[in-house]
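Asks: Chain by chain, the residues:
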Amino acid sequence: MALITLLSDFGSASGYPAAMKGVILSLCPTAQIVDISHDVERHHIRAGAFLLWMVAPYFPEKTVHCAVVDPGVGTARRPIAIESGGQFLVGPDNGLLIPAAERLGRYSVFHITNEKYFCAPVSRTFHGRDIFAPVAAHIANGLSPRELGPLITDYIKLSLGEGVRRGRVLEGEIAYIDTFGNLITNIPGELLKEIAPGTALVVEVSRKVASARYASTYGEVEQGELIVTVGSHGQLEIATNLGSAAQRLRAHTGETVTITIAPPKK
Amino acid sequence: MALITLLSDFGSASGYPAAMKGVILSLCPTAQIVDISHDVERHHIRAGAFLLWMVAPYFPEKTVHCAVVDPGVGTARRPIAIESGGQFLVGPDNGLLIPAAERLGRYSVFHITNEKYFCAPVSRTFHGRDIFAPVAAHIANGLSPRELGPLITDYIKLSLGEGVRRGRVLEGEIAYIDTFGNLITNIPGELLKEIAPGTALVVEVSRKVASARYASTYGEVEQGELIVTVGSHGQLEIATNLGSAAQRLRAHTGETVTITIAPPKK
Amino acid sequence: MALITLLSDFGSASGYPAAMKGVILSLCPTAQIVDISHDVERHHIRAGAFLLWMVAPYFPEKTVHCAVVDPGVGTARRPIAIESGGQFLVGPDNGLLIPAAERLGRYSVFHITNEKYFCAPVSRTFHGRDIFAPVAAHIANGLSPRELGPLITDYIKLSLGEGVRRGRVLEGEIAYIDTFGNLITNIPGELLKEIAPGTALVVEVSRKVASARYASTYGEVEQGELIVTVGSHGQLEIATNLGSAAQRLRAHTGETVTITIAPPKK
Numbered sequence: 001m002a003l004i005t006l007l008s009d010f011g012s013a014s015g016y017p018a019a020m021k022g023v024i025l026s027l028c029p030t031a032q033i034v035d036i037s038h039d040v041e042r043h044h045i046r047a048g049a050f051l052l053w054m055v056a057p058y059f060p061e062k063t064v065h066c067a068v069v070d071p072g073v074g075t076a077r078r079p080i081a082i083e084s085g086g087q088f089l090v091g092p093d094n095g096l097l098i099p100a101a102e103r104l105g106r107y108s109v110f111h112i113t114n115e116k117y118f119c120a121p122v123s124r125t126f127h128g129r130d131i132f133a134p135v136a137a138h139i140a141n142g143l144s145p146r147e148l149g150p151l152i153t154d155y156i157k158l159s160l161g162e163g164v165r166r167g168r169v170l171e172g173e174i175a176y177i178d179t180f181g182n183l184i185t186n187i188p189g190e191l192l193k194e195i196a197p198g199t200a201l202v203v204e205v206s207r208k209v210a211s212a213r214y215a216s217t218y219g220e221v222e223q224g225e226l227i228v229t230v231g232s233h234g235q236l237e238i239a240t241n242l243g244s245a246a247q248r249l250r251a252h253t254g255e256t257v258t259i260t261i262a263p264p265k266k
Numbered sequence: 001m002a003l004i005t006l007l008s009d010f011g012s013a014s015g016y017p018a019a020m021k022g023v024i025l026s027l028c029p030t031a032q033i034v035d036i037s038h039d040v041e042r043h044h045i046r047a048g049a050f051l052l053w054m055v056a057p058y059f060p061e062k063t064v065h066c067a068v069v070d071p072g073v074g075t076a077r078r079p080i081a082i083e084s085g086g087q088f089l090v091g092p093d094n095g096l097l098i099p100a101a102e103r104l105g106r107y108s109v110f111h112i113t114n115e116k117y118f119c120a121p122v123s124r125t126f127h128g129r130d131i132f133a134p135v136a137a138h139i140a141n142g143l144s145p146r147e148l149g150p151l152i153t154d155y156i157k158l159s160l161g162e163g164v165r166r167g168r169v170l171e172g173e174i175a176y177i178d179t180f181g182n183l184i185t186n187i188p189g190e191l192l193k194e195i196a197p198g199t200a201l202v203v204e205v206s207r208k209v210a211s212a213r214y215a216s217t218y219g220e221v222e223q224g225e226l227i228v229t230v231g232s233h234g235q236l237e238i239a240t241n242l243g244s245a246a247q248r249l250r251a252h253t254g255e256t257v258t259i260t261i262a263p264p265k266k
Numbered sequence: 001m002a003l004i005t006l007l008s009d010f011g012s013a014s015g016y017p018a019a020m021k022g023v024i025l026s027l028c029p030t031a032q033i034v035d036i037s038h039d040v041e042r043h044h045i046r047a048g049a050f051l052l053w054m055v056a057p058y059f060p061e062k063t064v065h066c067a068v069v070d071p072g073v074g075t076a077r078r079p080i081a082i083e084s085g086g087q088f089l090v091g092p093d094n095g096l097l098i099p100a101a102e103r104l105g106r107y108s109v110f111h112i113t114n115e116k117y118f119c120a121p122v123s124r125t126f127h128g129r130d131i132f133a134p135v136a137a138h139i140a141n142g143l144s145p146r147e148l149g150p151l152i153t154d155y156i157k158l159s160l161g162e163g164v165r166r167g168r169v170l171e172g173e174i175a176y177i178d179t180f181g182n183l184i185t186n187i188p189g190e191l192l193k194e195i196a197p198g199t200a201l202v203v204e205v206s207r208k209v210a211s212a213r214y215a216s217t218y219g220e221v222e223q224g225e226l227i228v229t230v231g232s233h234g235q236l237e238i239a240t241n242l243g244s245a246a247q248r249l250r251a252h253t254g255e256t257v258t259i260t261i262a263p264p265k266k
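Protein chains in written order, with the working numbering: chain A, 1 to 266; chain B, 1 to 266; chain C, 1 to 266.
If we strip away everything but chain A, and leave its shape as in the complex, we get (with noise of 0.2 angstroms):
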């Protein structure tokens, strides 16, 4: 059975899913096909690529995610596609694909050239429709990647970062905000686990400092209070229970947070 997820920042209302959902399934009718985003921040890559990276893990070998979030469209930014960890990628070569890619495995990058695989004509500024879609078909009906063109290496990095601790200080910056207005941090939830839940702890994020708790769930404190918790993707998460973190700290993605363990008293 193949598998296809589809992520994006065309809106899910706007039709341009659909259209590549109807190209995707004329190639390869058995298709599944998933939506995991289409609502990313307008051009924003690295929200795009933290969703992406978040839920490729849990999904099963032979996976096709195709995926654009996509400024450059027409302009000379390659097609590319990956092949990591059984699963495959497909999307602009503007750093997307790249942190799912490292997470899910060792991996080798394609340059899309192959034509063959487009829908003829290729417009300017919809190659979701016109390349990704097809050429996601064609790999999940069996394609190699390296059909599409050649193995390259100058592809174009992105990281998310990872938080650091330093003694009683973790700093790191916001990887995404999620509906809830909850706050995700690039610092893995690994580096605060000897703490007990309760601690108290100061969070900073851009010039706003606040009181929070340690707290291993959202149910474990009073409703309204600030807490960091090990969120379900294994990150550190600022989140309020019942309430939205973001506009409390009035927080964007991208900005630096600090979060600071209080000595224990005496």
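Simulated from the structure, these hints should not be mistaken for lab results. Among the clues, some could well be false.
One copy or two, it doesn't matter: identical chains are merged, so the pair holds either way.
[What the hints assert, rightly or not] Only pairs whose alpha carbons sit at most 30 angstroms apart, straight line, appear in this in silico DSS-like list of lysine-lysine:
(1) K193 with K62
(2) K208 with K116
(3) K62 with K116
(4) K208 with K62
(5) K193 with K116
This structure is a prediction, so every number in the text was calculated from the model and none was measured.
Starting from the structure of chain A, add chains B and C where the hints point.
Replies: Chains B and C alone, transformed into the frame defined by chain A:
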């Protein structure tokens, strides 16, 4: 053909529903997955329960409904699976599944304790992905809910209530406000059955009183006029032709509704 | 493999599309269902017609498009099914299906009268679930539209219009505004074909006049500059690189657009 529906308050763009789908399709590659909604008002168990109640009867036998509106995730609240009228429901023990289960037929509730069917390790904040999705996939594959854990009777009950009529006065509450701003009440449509289209009514929602007309469809009245009609779900619905009744009456889910039939003119 | 698309103004989170899917999968368990959009502006038949016109050609033969933007539900407006270019369209007789039908090929329109294919009882307010979804499923199962009712020719016509060029002046209207705020016109792209990228243009939308540049892709101009380009649908599109043209020009669907080619400098 295995059929699984998903309902949550995660936001369709959040990536969390996609992670659940990846887990489901890893275990049950041929599953058809249908999204009921991922935009239930956050933590609003009654609104989620209403949607599930509304759509479940339209699905075929053996459908597995996996629903996650779950403010208590990570606390002592239990995961449950229900068998009812040939369909299955999986989700938290907080009342969310009960109105749909009652509507589908006689039902049995099982406390999910058999960790063999979970994704390990189980996170503290995302049981949708780690417990409910894999359990739903196993049921879709043919597993009996009996294998999941003990039958229980002390699950949390939830009733959407049922409006009543006393003479010319009907009383109930707003069960749900749909995308059009239509106010869907918990008053059964048959309580107004003998009324002729065009009959004058008085509607009162949280101290705001307005004139309305009974209509058998939206198109029967002038633009902007307030109507009471029997919605597609069989409940009385307060709507305006081409406009939002919710906005006009500043109404919210859960508020009390009174509908009074005007006495016939002499 | 049966393939059914859905388009509506119900809102993707409303539960109504899910009820339609339940009906479809009860009758045709192997159907692939693709959402084109459920967030068409409420009751905006032309916007729905444009989306369907835009994406239908990308779907394979035998696809059944089930579209419901239906302000006249429950009135005398007829339900229709159309066969065109090997695909099928099902929905209300209000013009919604016609531009797509014309684009797909020569077409025949049938008045759906055979109640055998409806879900009983038919509600007055939700023909999407009770008439259009089951009829679409039956067609996907192989039923000929001829079995549904008589061939008719007095169906309601709708044209998205076609912009024209007189010398240096092109005139048309805004057919659709997409998620990015791009203004998609009904002026065919070929009317500007001989123009060189970078050519200066003057755009007028509902009395607001602005300078623009012809570009073959978004990335060719400075951030914020207004461009006219041939969109992925083949129509002229007014856009800004990284911004919303709709917001900048305060433009709305249906408004008149004039594009004037500046005379070459001497």
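Asks: All the hints need checking, so say for each whether the structure fits it.
Replies: Status of the hints after comparison with the structure:
1. In this homomeric assembly, K193 and K62 never come within 30 angstroms of each other (Cα to Cα): the closest approach is 34 angstroms inside a single copy and 42 angstroms across copies.
2. Neither within a single protomer nor between protomers do K208 and K116 lie at most 30 angstroms apart by alpha-carbon distance, with minima of 54 angstroms and 45 angstroms respectively.
3. When the C-alpha separation of K62 and K116 is checked against a cutoff of 30 angstroms, the pair qualifies both within a copy, at 22 angstroms, and between copies, at 25 angstroms.
4. Within a single copy, K208 and K62 get their C-alpha atoms no closer than 45 angstroms, and across copies no closer than 52 angstroms, so neither meets the 30 angstroms cut-off.
5. Taking identical chains as interchangeable, the C-alpha atoms of K193 and K116 lie at most 30 angstroms apart only when they sit on different chains, with a minimum of 26 angstroms there against 52 angstroms within one chain.
In this structure, the hints that do not hold are numbers 1, 2 and 4, in rising order.
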